[in-house]
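Number of protein chains: 2
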Amino acid sequence: MVIVMSEESHEYQVKVDWTHDRVGTLSVEGKPRIQISAPPEFDGPEGIISPEDLFVAAATSCFMTTFITFTKKMRIEFKSFSCDGYGTLERVEKGFQFTKLLLKAKVTVESEELVPKAERAMELAGKYCLVSNSMKCPTEHENNVVVG
Amino acid sequence: MVIVMSEESHEYQVKVDWTHDRVGTLSVEGKPRIQISAPPEFDGPEGIISPEDLFVAAATSCFMTTFITFTKKMRIEFKSFSCDGYGTLERVEKGFQFTKLLLKAKVTVESEELVPKAERAMELAGKYCLVSNSMKCPTEHENNVVVG
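Residue numbers (our numbering), protein chains in the order written: chain A, 1 to 148; chain B, 1 to 148.
Worth double-checking, as some hints may not be accurate.
Copies of the same chain are indistinguishable here, so a pair counts whether it falls within one copy or spans any two.
[To be verified] As a list, the in silico EDC-like pairs of lysine to aspartate or glutamate whose alpha-carbon atoms are at most 16 angstroms apart:
{"hint": "1", "residue 1": "Lys-127", "residue 2": "Glu-77"}
{"hint": "2", "residue 1": "Lys-106", "residue 2": "Glu-7"}
{"hint": "3", "residue 1": "Lys-15", "residue 2": "Glu-142"}
{"hint": "4", "residue 1": "Lys-79", "residue 2": "Glu-93"}
{"hint": "5", "residue 1": "Lys-79", "residue 2": "Glu-90"}
{"hint": "6", "residue 1": "Lys-106", "residue 2": "Glu-90"}
{"hint": "7", "residue 1": "Lys-73", "residue 2": "Glu-7"}
{"hint": "8", "residue 1": "Lys-94", "residue 2": "Glu-7"}
{"hint": "9", "residue 1": "Lys-104", "residue 2": "Asp-17"}
{"hint": "10", "residue 1": "Lys-73", "residue 2": "Asp-43"}
{"hint": "11", "residue 1": "Lys-94", "residue 2": "Glu-142"}
{"hint": "12", "residue 1": "Lys-100", "residue 2": "Asp-84"}
What the hints contain is simulated information worked out from the structure, not anything from laboratory work. These numbers come from a predicted model, not from an experiment.
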């Protein structure tokens with residue numbers, strides 16, 4: 001059970017409109033529209049962002065923004081951040097479900113002394129990533145900090 | 001515990017590259033790139049798709065594609081489909097977490113006899129939506145089928 005700790009809450013609203021076949025348009029007010037569709041393995045066309053992509057993208061991008069938040073709190077600088085996110089979908093009792101997320105992140109910092117600090121910011125980002133924490137499947141992390 | 005029922009699995013890969021401030025680029029191979037950032041309430045700029053938007057969008061768009069799959073299985077036609085998705089983020093023990101999703105969907109069909117069939121397809125889509133089923137929070141549905 002989830003225990004709500006304060007009155008602070010935020011609401012996010014999106015809209016999806018079907019256009020044709022298995023394709024539709026995703027709209028968030030005041031933001032660029034995105035064409036979405038079922039992926040090829042579920043009879044959709046090639047080349048269009050799928051709900052499955054969005055699921056993995058939500059966790060991967062949240063890891064980035066949470067990492068940035070911790071670097072600001074810790075007052076550390078980094079030169080680059082990139083993260084590959086992999087989501088595994090498996091057939092379970094009730095159709096399909098994501099059973100695993102793997103985030104492989106790479107951060108570049110200017111000096112050796114920043115390496116353990118950036119590693120700590122990545123650990124904390126993994127722990128407090130609100131999107132991963134809202135998903136049933138476990139998230140594995142492979143964090144890599146280099147000086148460059 | 002999740003019981004895996006078969007060898008069938010699918011993998012989804014995305015990449016996020018930090019560009020500046022709390023902003024980055026989301027890439028899925030062969031698909032359009034999307035700019036992403038922390039939302040304004042978490043110190044990001046206005047007008048850019050956030051991880052929180054992506055989370056709600058994943059469930060809302062998956063409900064659409066799953067609905068379409070059931071209409072094809074049931075061999076029923078529909079004239080339009082749209083769905084508003086609302087995600088509620090609340091502060092819990094470990095930072096924030098999505099605690100509720102609400103999907104308000106509207107489907108238009110050509111005749112009265114198609115109404116209960118479309119309603120059934122929406123029910124099944126809610127039950128088998130693989131993205132919602134991969135999230136911890138409950139998903140509420142308000143389904144509306146009209147003749148038009």
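Against the structure, the hints come out as follows:
{"no.": "1", "hint": "Lys-127 <-> Glu-77", "verdict": "neither (20 angstroms within a copy, 45 angstroms between copies)"}
{"no.": "2", "hint": "Lys-106 <-> Glu-7", "verdict": "neither (36 angstroms within a copy, 31 angstroms between copies)"}
{"no.": "3", "hint": "Lys-15 <-> Glu-142", "verdict": "between (34 angstroms within a copy, 14 angstroms between copies)"}
{"no.": "4", "hint": "Lys-79 <-> Glu-93", "verdict": "neither (45 angstroms within a copy, 32 angstroms between copies)"}
{"no.": "5", "hint": "Lys-79 <-> Glu-90", "verdict": "neither (37 angstroms within a copy, 32 angstroms between copies)"}
{"no.": "6", "hint": "Lys-106 <-> Glu-90", "verdict": "neither (27 angstroms within a copy, 30 angstroms between copies)"}
{"no.": "7", "hint": "Lys-73 <-> Glu-7", "verdict": "neither (23 angstroms within a copy, 44 angstroms between copies)"}
{"no.": "8", "hint": "Lys-94 <-> Glu-7", "verdict": "between (34 angstroms within a copy, 15 angstroms between copies)"}
{"no.": "9", "hint": "Lys-104 <-> Asp-17", "verdict": "between (33 angstroms within a copy, 12 angstroms between copies)"}
{"no.": "10", "hint": "Lys-73 <-> Asp-43", "verdict": "between (45 angstroms within a copy, 12 angstroms between copies)"}
{"no.": "11", "hint": "Lys-94 <-> Glu-142", "verdict": "neither (30 angstroms within a copy, 22 angstroms between copies)"}
{"no.": "12", "hint": "Lys-100 <-> Asp-84", "verdict": "within (14 angstroms within a copy, 28 angstroms between copies)"}
In summary, the numbered hints that this structure violates are 1, 2, 4, 5, 6, 7 and 11.
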